[in-house]
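Protein chains in written order, with my numbering: chain A, 318 to 901; chain B, 318 to 901.
Just to be clear, a hint being listed does not mean it is correct.
It does not matter which identical chain is used: a pair holds within one copy or between any two.
[Unchecked claim] Below are the EDC-like pairs computed for lysine to aspartate or glutamate, each with C-alpha atoms no more than 20 Å apart in a straight line:
1) K447 <-> E863
2) K447 <-> E414
3) K874 <-> E420
4) K874 <-> E423
5) K659 <-> D375
6) K715 <-> D677
Read the hints as simulated data drawn from the structure, not as lab findings.
Here is how the chains run, residue by residue.
Protein chains: 2
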Amino acid sequence: MPLGEKYAGDKSKSRYCGVETDFDDDIPNLLSFNLHGGFDFLLATLMDPDYRPSLLDDDKRRSRALPFAGSDLVMSPSQWSSHVVGKISAWIDLDSEDETIREDSEIALKQEIAWASHLSLQACLLPTPKGTSCANYARCLNQILQNLGNMQLWLRIPLDKSEDDEEEASPNHLHEGQTDSWELWNSFRLLCEHHNQLSVSLDILSSLPSPSSVARWFGEPVRAAIIKTNSFLTNARGYPCLSKRHQRLTTAFFNHSIQIVISGQPVHNVPSPSGLTSENQVEGGWRHPLRPYLDYLAHLYKTMDPLPEQERFELGYRDYLQSPLQPLMDNLEAQTYEIFEKDTVKYSQYQRAVAKALVDMVPDENAFSVTTVLMVVGAGRGPLVRASLQAAEETDRKLKIYAVEKNPNAVVTLHSLVKLEGWEEIVTIVSSDMRNWEAPEKADILVSELLGSFGDNELSPECLDGALRFLKEDGISIPSSLDIYHTKFLFVVDFAGFAGYFDATLYKDVHLGIEPSTATPNMFSWFPIFFPLRTPICIQPGTPLEVHFWRCCGSTKVWYEWCVTSPAASPVHNTNGRSYWVGL
Amino acid sequence: MPLGEKYAGDKSKSRYCGVETDFDDDIPNLLSFNLHGGFDFLLATLMDPDYRPSLLDDDKRRSRALPFAGSDLVMSPSQWSSHVVGKISAWIDLDSEDETIREDSEIALKQEIAWASHLSLQACLLPTPKGTSCANYARCLNQILQNLGNMQLWLRIPLDKSEDDEEEASPNHLHEGQTDSWELWNSFRLLCEHHNQLSVSLDILSSLPSPSSVARWFGEPVRAAIIKTNSFLTNARGYPCLSKRHQRLTTAFFNHSIQIVISGQPVHNVPSPSGLTSENQVEGGWRHPLRPYLDYLAHLYKTMDPLPEQERFELGYRDYLQSPLQPLMDNLEAQTYEIFEKDTVKYSQYQRAVAKALVDMVPDENAFSVTTVLMVVGAGRGPLVRASLQAAEETDRKLKIYAVEKNPNAVVTLHSLVKLEGWEEIVTIVSSDMRNWEAPEKADILVSELLGSFGDNELSPECLDGALRFLKEDGISIPSSLDIYHTKFLFVVDFAGFAGYFDATLYKDVHLGIEPSTATPNMFSWFPIFFPLRTPICIQPGTPLEVHFWRCCGSTKVWYEWCVTSPAASPVHNTNGRSYWVGL
Numbered sequence: 318m319p320l321g322e323k324y325a326g327d328k329s330k331s332r333y334c335g336v337e338t339d340f341d342d343d344i345p346n347l348l349s350f351n352l353h354g355g356f357d358f359l360l361a362t363l364m365d366p367d368y369r370p371s372l373l374d375d376d377k378r379r380s381r382a383l384p385f386a387g388s389d390l391v392m393s394p395s396q397w398s399s400h401v402v403g404k405i406s407a408w409i410d411l412d413s414e415d416e417t418i419r420e421d422s423e424i425a426l427k428q429e430i431a432w433a434s435h436l437s438l439q440a441c442l443l444p445t446p447k448g449t450s451c452a453n454y455a456r457c458l459n460q461i462l463q464n465l466g467n468m469q470l471w472l473r474i475p476l477d478k479s480e481d482d483e484e485e486a487s488p489n490h491l492h493e494g495q496t497d498s499w500e501l502w503n504s505f506r507l508l509c510e511h512h513n514q515l516s517v518s519l520d521i522l523s524s525l526p527s528p529s530s531v532a533r534w535f536g537e538p539v540r541a542a543i544i545k546t547n548s549f550l551t552n553a554r555g556y557p558c559l560s561k562r563h564q565r566l567t568t569a570f571f572n573h574s575i576q577i578v579i580s581g582q583p584v585h586n587v588p589s590p591s592g593l594t595s596e597n598q599v600e601g602g603w604r605h606p607l608r609p610y611l612d613y614l615a616h617l618y619k620t621m622d623p624l625p626e627q628e629r630f631e632l633g634y635r636d637y638l639q640s641p642l643q644p645l646m647d648n649l650e651a652q653t654y655e656i657f658e659k660d661t662v663k664y665s666q667y668q669r670a671v672a673k674a675l676v677d678m679v680p681d682e683n684a685f686s687v688t689t690v691l692m693v694v695g696a697g698r699g700p701l702v703r704a705s706l707q708a709a710e711e712t713d714r715k716l717k718i719y720a721v722e723k724n725p726n727a728v729v730t731l732h733s734l735v736k737l738e739g740w741e742e743i744v745t746i747v748s749s750d751m752r753n754w755e756a757p758e759k760a761d762i763l764v765s766e767l768l769g770s771f772g773d774n775e776l777s778p779e780c781l782d783g784a785l786r787f788l789k790e791d792g793i794s795i796p797s798s799l800d801i802y803h804t805k806f807l808f809v810v811d812f813a814g815f816a817g818y819f820d821a822t823l824y825k826d827v828h829l830g831i832e833p834s835t836a837t838p839n840m841f842s843w844f845p846i847f848f849p850l851r852t853p854i855c856i857q858p859g860t861p862l863e864v865h866f867w868r869c870c871g872s873t874k875v876w877y878e879w880c881v882t883s884p885a886a887s888p889v890h891n892t893n894g895r896s897y898w899v900g901l
Numbered sequence: 318m319p320l321g322e323k324y325a326g327d328k329s330k331s332r333y334c335g336v337e338t339d340f341d342d343d344i345p346n347l348l349s350f351n352l353h354g355g356f357d358f359l360l361a362t363l364m365d366p367d368y369r370p371s372l373l374d375d376d377k378r379r380s381r382a383l384p385f386a387g388s389d390l391v392m393s394p395s396q397w398s399s400h401v402v403g404k405i406s407a408w409i410d411l412d413s414e415d416e417t418i419r420e421d422s423e424i425a426l427k428q429e430i431a432w433a434s435h436l437s438l439q440a441c442l443l444p445t446p447k448g449t450s451c452a453n454y455a456r457c458l459n460q461i462l463q464n465l466g467n468m469q470l471w472l473r474i475p476l477d478k479s480e481d482d483e484e485e486a487s488p489n490h491l492h493e494g495q496t497d498s499w500e501l502w503n504s505f506r507l508l509c510e511h512h513n514q515l516s517v518s519l520d521i522l523s524s525l526p527s528p529s530s531v532a533r534w535f536g537e538p539v540r541a542a543i544i545k546t547n548s549f550l551t552n553a554r555g556y557p558c559l560s561k562r563h564q565r566l567t568t569a570f571f572n573h574s575i576q577i578v579i580s581g582q583p584v585h586n587v588p589s590p591s592g593l594t595s596e597n598q599v600e601g602g603w604r605h606p607l608r609p610y611l612d613y614l615a616h617l618y619k620t621m622d623p624l625p626e627q628e629r630f631e632l633g634y635r636d637y638l639q640s641p642l643q644p645l646m647d648n649l650e651a652q653t654y655e656i657f658e659k660d661t662v663k664y665s666q667y668q669r670a671v672a673k674a675l676v677d678m679v680p681d682e683n684a685f686s687v688t689t690v691l692m693v694v695g696a697g698r699g700p701l702v703r704a705s706l707q708a709a710e711e712t713d714r715k716l717k718i719y720a721v722e723k724n725p726n727a728v729v730t731l732h733s734l735v736k737l738e739g740w741e742e743i744v745t746i747v748s749s750d751m752r753n754w755e756a757p758e759k760a761d762i763l764v765s766e767l768l769g770s771f772g773d774n775e776l777s778p779e780c781l782d783g784a785l786r787f788l789k790e791d792g793i794s795i796p797s798s799l800d801i802y803h804t805k806f807l808f809v810v811d812f813a814g815f816a817g818y819f820d821a822t823l824y825k826d827v828h829l830g831i832e833p834s835t836a837t838p839n840m841f842s843w844f845p846i847f848f849p850l851r852t853p854i855c856i857q858p859g860t861p862l863e864v865h866f867w868r869c870c871g872s873t874k875v876w877y878e879w880c881v882t883s884p885a886a887s888p889v890h891n892t893n894g895r896s897y898w899v900g901l
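Bound conformation, chain A alone (with noise of 0.2 Å):
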């Protein structure tokens, strides 16, 4: 039963909470009696705990079937993939300096891993490693991930508070010991080559890091949150409720779709049923006895903030690399084009520069007698066309435009555009690449809007470099210009790569932009752009990062180069394109 619906049609996969269970070997009884309590998966151990290879003699091994809850008939393939995540027994230490624990961890973890992937389960919950080393942990999950099929691991991490966790800490702190479990996950993750079938799962214990070591953790893979039922403190009325740092944190999960499960013994004395509200009963009475924390859970989750539009828009696009548009190699879609025209506040924006423009322009005096030239290159289906318009109504000055588009099909649009709107007498429509186009005439105003991410990757330079040649010495070009960004950096990361956005001045004060301090509002056609690191480097705090791009033209395409030179040199990335590479 999901915690709730933070809006209409909400799939987010923390609605789901889970619980710990023990091992049980009648694990069709423990997953009903959890789902009728009101959780939705076990994070159930699969093996007997008594279990070591080592323990059987051969003839054992020979004739009697590994010591697991239940075979894979007692429950239905879709039971056990949606509602059970195995918990790999958290005996095995695969760093330990007894050879016989060693042999047998692995063993188990191999057998266990291979029962699970066999039951088609989504996810395995692995042990913790148990010292500081996990090497040799890392080398066998490794050789493990090389075969998986499609299940996730999640490495149980503690979220632990970190002793020198200040900003003032000795650069050579994180080999003294690895007092932050983040870097027990990184050496780990670096171990296994970042693996995308690794991920984290993180214990939440009563106390927690500061901040700032909290706030690392959203930048890596963590699937879901342990909360133990200790870290809950009792409110006035006796149910458990957590501190605010608690609940901020938890919230924060939410948001980024990491999954709750609750774990432990019931530790509040939580009022009898019979005081109950309807809504926390089920039928005869009977309750889960973990059911107060699913219950705070699921408050916490109905009482959160809404999304804004913006980002629920977005949610779907969230840690998703998508290829830049090729414009002018390729002719763009029409659900492209549907999904730009949808962004009012760009063409509002455009609208605002226009109209300055045109004010600008043509002084009142002249709003009846001058009628403008004004060029919308890349037309597409016309809302930059509509935005010029609207602007020309708003102003009252009279404009003759050239809509240039060299998308054929968009032109097929553009004519029935003109023809419903009855824009015939003010809009002409040219069928054409703009770099070849002969204009008739020459033009006062020039719109475009061919901007990427990054304000130049999708080609404005050279479209624009082609069109400017019809522009009047004294026209006016919007956007006039166009600056671009990196973000900066400040804690200890290992760092994987650089978000490129632009800020563009359409007229004067009117902006456009994405880069996070300036942007405009509620805009969504835009991404940042995103420019990897191979190999991810470690920053430490105050060390200077230096970078170099280089925005590279061929005869035929257009790339960017890049390149870290201090603290170490980086190879150049993306040479000759190699790796993408914009067609002209």
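Chain A is already provided as a structure; the job is to place chain B on it using the hints.
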């Protein structure tokens, strides 16, 4: 005219000496002058040094050829490629603050390298990066390297005195202005991702950096050393000579196949040719102005200590990775046996070990009555059979030998050897895999030579586990034990892998091994095993390096995995034997 011959058939590249020349558009004459003067090749400027792309207007660009030193037809293709290393214009500065210089530099660099490729030159010399930043230079060169054909690019780097070239230098000194020219090279090569066509040419100046700073260049791909005439001292007779340190360095260059180039004007007042011995004269008494410098280098070359036989044998295998043998999965070829059997030192060590074992096992008084059963497992073409029989003869003991060999081709040779030597009464040949053979009796002594470079990488444990079945409980196994090593590292290095060695105790004090400090001399059957790291790691002096190795066994193969865990974690290498495994 080569500098000399260190031994009969000397084919070292460093026999050939070059000379750096100024731009001359009569390059055939320039070449003939210098060949005539005793040099073997030119370091010749390819392009008129006054050329700047930006100085040409469009018309000139179209109508005029580029001002190269002569067309390709002025010399034969083999003259160009055997005797000319192209020198790229020294004015080129891709990281200049002046945009015109940057643009001219990129155009000229590409034109000159394209021209050198057209001429099929073996190498081009690239100008030294001008400032501390070389990112744009590296970016441009990296693009060129992607499509270069076979030509090498030698980046010219001064062998510079580093200002804080002290052991106690702070770990961060490298980022404070790169005082050591090695750092410049290192950044450059990292930016170009260790491209194997990018190498180094060192400028040798009159003062040399510290020995440790010089030493690390011998880990780099140095192809040429350019010695300035003003780095030479003057001897008592007025002739040029080098300081002791320069002499040692030059000898080291010779030994590492690094070619010497003489550069600069003659700065020594050498007595006139009439005073010379005939050896130094050419017809007509004419002498190349730089001839005294060349003669001195020839003198150094000829008076070097001759290479020991073993080093000469190994010369062809230097810096060359060989695949380890797969003696179990594959049958070795006759040629391989041939090479093994030449390693007389190895077999005399085995003979010593068998002799000691026989004496220990059979007291003198029983020498004639007791016959010792000895099995050679992996007998090949018989060298260990021969060594064992020689040990028996030497100690007057009686032997019965089983020679077990799985390769039917080697068994053919074994049979004819036994017949030829008349060993039929003593030696029983068993054509079988030792892992499957059922021996008719147990052995007193078991002899094997299945040793890889790393002791067990050619599967000694797997084979011997099988063979030890037929050794008597109080029998002797030769070798009796095995140790493996890894090297240690002392310097700040870009560290790219590990060398592995073994040392085996054949019997009591008889050893066989390749660990450098205890290596058996003059043995050439084994080279160290190399465990590479995909990405080199930089280790500061005093930083501990933590490394893990695993020998992993599957049902059909054996392989190693390895990783670094400190100072930072690397990925686990060779997961599941992905890159290399040994078949069972």
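Output the indices of the hints that this structure fails to meet, ascending.
5
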